Amino acid sequence: MGPTPLGWYLALSAVLFAIGVLGVLVRRNVIIIFMAIEIMLNAVNLAFVAIARSRGSMDGQVIVFFVMTVAAAEAAVGLAIILAMFRNRETTNADELATLRW
Amino acid sequence: MAVDVAIAAAKALFIVLLVVQVMGLGVFFERKVSALIQDRIGANRAAIFGFAGLGLVNTLVADPIKFLLKEDVVPASSDRLLHSLAPILSLVPVLVTFAVVPFGDVLEVGGRVVNLQAAELSIGILYVLAMVSLGVYGVVLAGWASNSRWSLLGGIRGSAQMISYEIAMGLALIGIVLTYNTLDLQEMARAQGTLLWGWLPAWGILYQPIGFLIFMTAGIAESKRIPFDLPESESELVSGYFTEYSGPKHLMFMMSDFVEVVLVAALVTTLFFGGWQIPWLYRDGFHFPFGGAVALPSLAVAVLQVTSFALKLVFFTWLQIVIRWTLPRFRYDQLMRLGWQGLLPLALANVVVSALLIVLWSGRSA
Amino acid sequence: MVGALGVSQVAFLILAALTVLSALTVVVHRNPVHSAVALVSTLCLLALFFFALDAQLVAILQVIVYAGAIVVLFLFVIMLLNLQAQSRATGGPLLVAAATLGGVALAGLVVSGLGRAAAPPAAGVGAGFGETAALARELFTAYLLPFELTSLLLLVAIVGAVALAKKADG
Numbered sequence: 001m002g003p004t005p006l007g008w009y010l011a012l013s014a015v016l017f018a019i020g021v022l023g024v025l026v027r028r029n030v031i032i033i034f035m036a037i038e039i040m041l042n043a044v045n046l047a048f049v050a051i052a053r054s055r056g057s058m059d060g061q062v063i064v065f066f067v068m069t070v071a072a073a074e075a076a077v078g079l080a081i082i083l084a085m086f087r088n089r090e091t092t093n094a095d096e097l098a099t100l101r102w
Numbered sequence: 001m002a003v004d005v006a007i008a009a010a011k012a013l014f015i016v017l018l019v020v021q022v023m024g025l026g027v028f029f030e031r032k033v034s035a036l037i038q039d040r041i042g043a044n045r046a047a048i049f050g051f052a053g054l055g056l057v058n059t060l061v062a063d064p065i066k067f068l069l070k071e072d073v074v075p076a077s078s079d080r081l082l083h084s085l086a087p088i089l090s091l092v093p094v095l096v097t098f099a100v101v102p103f104g105d106v107l108e109v110g111g112r113v114v115n116l117q118a119a120e121l122s123i124g125i126l127y128v129l130a131m132v133s134l135g136v137y138g139v140v141l142a143g144w145a146s147n148s149r150w151s152l153l154g155g156i157r158g159s160a161q162m163i164s165y166e167i168a169m170g171l172a173l174i175g176i177v178l179t180y181n182t183l184d185l186q187e188m189a190r191a192q193g194t195l196l197w198g199w200l201p202a203w204g205i206l207y208q209p210i211g212f213l214i215f216m217t218a219g220i221a222e223s224k225r226i227p228f229d230l231p232e233s234e235s236e237l238v239s240g241y242f243t244e245y246s247g248p249k250h251l252m253f254m255m256s257d258f259v260e261v262v263l264v265a266a267l268v269t270t271l272f273f274g275g276w277q278i279p280w281l282y283r284d285g286f287h288f289p290f291g292g293a294v295a296l297p298s299l300a301v302a303v304l305q306v307t308s309f310a311l312k313l314v315f316f317t318w319l320q321i322v323i324r325w326t327l328p329r330f331r332y333d334q335l336m337r338l339g340w341q342g343l344l345p346l347a348l349a350n351v352v353v354s355a356l357l358i359v360l361w362s363g364r365s366a
Numbered sequence: 001m002v003g004a005l006g007v008s009q010v011a012f013l014i015l016a017a018l019t020v021l022s023a024l025t026v027v028v029h030r031n032p033v034h035s036a037v038a039l040v041s042t043l044c045l046l047a048l049f050f051f052a053l054d055a056q057l058v059a060i061l062q063v064i065v066y067a068g069a070i071v072v073l074f075l076f077v078i079m080l081l082n083l084q085a086q087s088r089a090t091g092g093p094l095l096v097a098a099a100t101l102g103g104v105a106l107a108g109l110v111v112s113g114l115g116r117a118a119a120p121p122a123a124g125v126g127a128g129f130g131e132t133a134a135l136a137r138e139l140f141t142a143y144l145l146p147f148e149l150t151s152l153l154l155l156v157a158i159v160g161a162v163a164l165a166k167k168a169d170g
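Chains Y, C and E supply the protein sequences, listed in that same order. Once you know that position 32 of the first sequence is 32 in this note's numbering, the rest is easy, because the numbers rise by one and skip nothing. Once you know that position 311 of the second sequence is 311 in this note's numbering, the rest is easy, because the numbers rise by one and skip nothing. Once you know that position 151 of the third sequence is 151 in this note's numbering, the rest is easy, because the numbers rise by one and skip nothing.
To be clear, the hints were calculated from the coordinates, so they are not data collected in a lab. Just so you know, these numbers come straight off a predicted model, no measurement behind them. Heads up, the beta-carbon is just placed ideally off N, CA and C, and yes, glycines get one too. Among these hints, one or two may not hold up.
Pairwise CB distance ranges, derived in the manner of DEER restraints [claimed, not checked]:
(1) E:G115 <-> C:V352: 48 to 58 angstroms
(2) E:I158 <-> C:P209: 23 to 33 angstroms
(3) C:F315 <-> Y:I81: 47 to 57 angstroms
Starting from the given sequences, assemble the full structure and let the hints guide the process.
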């Protein structure tokens with residue numbers, strides 16, 4: 001697909017996605033977990049845009065537009081939830097926010 | 001290929017130099033115009049061999065040297081990396097925005113037609129909004145990294161104010177985008193050369209007067225100038241978010257303040273006052289509507305247009321300085337109320353009314 | 001493939017290395033504010049990739065929305081909660097090792113799977129690909145329903161976030 005092959009973009013997207021998964025699994029602070037989720041979403045965006053370019057169709061970019069909007073909405077609500085939980089329990093450690101466990 | 005790179009570099013250098021000159025002029029105006037308004041003389045003590053130049057030597061030579069030679073004090077408990085990064089994040093986005101501001105029409109040199117705009121982006125206006133969004137980080141990180149309560153308060157207030165007025169600014173720009181049907185600033189400046197009723201240049205202010213007021217207000221609020229300078233409020237928060245900065249970093253913050261003044265002036269000029277347009281001046285010379293034409297070479301036309309752009313820049317810089325020294329500052333809740341409950345609904349109404357008028361009067365649909 | 005590397009490929013490799021480095025900084029660094037700044041740099045680098053892929057509007061939206069608004073929101077929450085550098089940032093070493101292994105395995109799986117898959121039919125891009133007009137045309141004709149639903153979603157998110165974050169008084 002031109003100078004840089006599509007495979008390189010998809011490989012970069014896979015690596016970034018894996019880094020995001022690593023962040024979600026390893027970190028204990030819920031805000032950092034949230035940031036790792038954003039990295040995963042961005043990796044997927046990159047894959048969509050690269051494939052849209054390769055196929056010459058705008059559908060990929062439209063989907064990226066929607067992913068960005070939904071991510072913004074999710075970030076707002078998620079951070080509000082974190083604020084409310086912090087107000088209740090004074091902690092942002094995922095290990096301590098475990099009252100739903102049996 | 002190499003010639004293209006050289007031309008692009010020359011354009012970028014030219015616009016940066018122009019901005020820095022106008023910024024210097026702005027700093028000088030700040031001292032002298034405020035002195036005139038407050039019925040005093042202003043800074044005129046520094047002199048080179050007795051030549052004080054009405055305070056030019058003081059403002060443009062002595063002050064920068066003073067800032068650069070001061071000791072760079074970093075608070076012990078501060079975050080060093082972020083403390084040093086914040087002035088850069090404050091200054092660079094503002095300077096880079098000038099890449100899309102057109103300073104002339106075209107220049108025909110050696111058979112090439114050079115578009116007098118440093119970067120020809122099809123999404124010019126959105127690039128401006130993006131850089132303004134990135135400018136928030138300088139404020140927020142400066143407030144946080146200094147690890148002092150004045151800075152933190154100033155930083156949080158400043159960033160909340162900036163993101164609130166970004167929205168009103170963006171919505172005011174939508175009206176202009178609807179009017180000119182393009183996102184590219186050079187196309188907008190060119191479109192303002194058409195004549196209404198045969199003689200009136202169709203400048204943006206005629207199409208979008210409310211948009212101009214909203215944009216000007218939001219722009220002054222974005223650059224945190226009085227009357228919106230509570231994040232910095234020299235009499236309340238010591239120095240707000242750049243309390244803990246001294247020396248060159250403080251100079252960078254002051255520079256970014258004045259460069260933003262010039263940026264607001266440049267955007268207002270390009271969007272609402274024709275940019276580089278001189279009424280009735282086209283690429284081959286003057287064509288007056290009441291008869292008569294003066295033919296001019298391309299170089300002379302370009303020089304006239306660049307001069308007119310520079311003069312309009314200086315005028316709007318001066319206007320913002322006069323506004324600064326005239327109005328008292330807003331209280332913080334008044335500021336936020338103005339942004340969210342005043343400018344935002346007004347800008348939304350502006351968009352709706354503009355779209356309605358465009359569809360009805362010019363019959364332009366999809 | 002590695003024979004003759006053109007300028008754009010070298011640029012891609014350098015930018016990709018920087019992106020991976022900043023993404024790693026986000027998930028590894030102990031100070032949340034530094035993680036947020038690293039996230040901003042990751043997002044801006046990705047915007048550069050989008051520019052290279054002929055997606056100008058999406059790239060600039062990435063900077064305006066993601067880097068300019070969402071991460072500012074993150075920073076606000078971090079500052080409001082006054083999160084300092086964490087002393088015990090990650091779970092135990094066993095978890096870190098297992099997760100790293102899993103992450104590498106996942107990346108390897110996806111890359112090898114892609115290498116084996118047939119390439120999608122390569123098509124040229126028309127004029128105005130990735131421009132605002134092209135994207136807007138798609139949004140307002142073929143994707144009108146998702147567009148309207150997304151605006152509804154944003155409204156719900158605004159109301160929800162305000163309701164959740166308000167202090168419960170009486």
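Review point. When you take the CB atoms of E:I158 and C:P209, is the distance between them in 23 to 33 angstroms?
Key: Since E:I158 and C:P209 have Cβ atoms about 30 angstroms apart, the given range 23 to 33 angstroms holds.
Practice item. Could you check the hint for me, namely that C:F315 and Y:I81 are 47 to 57 angstroms apart, CB to CB? Key: holds (50 angstroms)
**Study point:** Verdict for E:G115, C:V352 (Cβ pair) under range 48 to 58 angstroms
**Key:** holds (52 angstroms)
No hint from the list above goes unmet by this structure.
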